[in-house]
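Novice: Let chain A serve as the given structure and place chain B on it in line with the hints.
As a plain string of letters, each chain reads:
Number of protein chains: 2
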Amino acid sequence: MKLSDAQLDALNWNEHGLIPAIVQSSSDARVLMMAWVNRESLQLTIATGETVFFSRSRQELWRKGATSGNTQTVERIEVDCDSDALLITVSEAGAACHTGSRSCFDAALLVGEA
Amino acid sequence: MKLSDAQLDALNWNEHGLIPAIVQSSSDARVLMMAWVNRESLQLTIATGETVFFSRSRQELWRKGATSGNTQTVERIEVDCDSDALLITVSEAGAACHTGSRSCFDAALLVGEA
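Note that the protein sequences, when read in sequence, are chains A and B. Position one of the first sequence corresponds to residue 157 (the numbering used here), numbered consecutively onward. Position one of the second sequence corresponds to residue 157 (the numbering used here), numbered consecutively onward.
Keep in mind that the hints are not guaranteed to be accurate.
Stretches of chain B that chain A covers, calculated by requiring three or more beta carbons in the stretch to come under 8 Å of a beta carbon on chain A [unchecked claim]:
hint: 1; stretch: 157-168
hint: 2; stretch: 171-181
hint: 3; stretch: 184-196
hint: 4; stretch: 221-232
hint: 5; stretch: 242-256
hint: 6; stretch: 264-270
Just so you know, the hints here were simulated from the structure itself, not pulled from any lab data. We put the beta carbon where it would ideally sit given N, CA and C, even for glycine.
Just chain A, with the same shape it has in the complex:
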């Protein structure tokens, strides 16, 4: 599967050609991470069925799990009302976070109780 140019053009890419992607687990709806996609990584995500992001720090494609084995299989991709954010529902293998935590949001709490 592949998006058309018209579908890609309909998204509101930012000044760097990126859109934020929120990744949520299909098992219990935990939000696992937020990353960024460019046109190519979004096409690869859809074509391969596994998440591929764009690393802003390394300025390159980042196939989730390429080194860790902790891949994310895409079940659904929703677009928000302004077409400037994506919500990707995944079935995850292993930890999403490079720290070894399941979710990148397990890192710290500003408000509330753990």
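Specialist: Same frame as chain A, now just chain B:
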């Protein structure tokens, strides 16, 4: 409640002084929206216990529900491993989206079934 300057400085604000905030419902974990906060709107969110964002299009503070009445009461704020994204768990009153949809991500589907 109020964050210290050190807590605010520990967050990785982008070149515009903003951080993306994912808003998730505490009732069923639906992701409702993604918006941006600056230092002032984050402090106000914590001080008032209701979400306050920074509108990039209007370049001003945006008290969620100020006109619609659809406020979001903060239950938890988590910070990710890079300190450059927030996950805000809320108890919501009414629709999160200006379109009247419950979630801004109800707008369109790129992959998967509704």
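Novice: A separate judgement is required for each hint: does it hold in the structure or not?
Specialist: Against the structure, the hints come out as follows:
no.: 1; hint: 157-168; verdict: holds (count 3)
no.: 2; hint: 171-181; verdict: holds (count 3)
no.: 3; hint: 184-196; verdict: holds (count 6)
no.: 4; hint: 221-232; verdict: holds (count 3)
no.: 5; hint: 242-256; verdict: holds (count 6)
no.: 6; hint: 264-270; verdict: holds (count 6)
Checked against the numbered hints above, the structure violates none of them.
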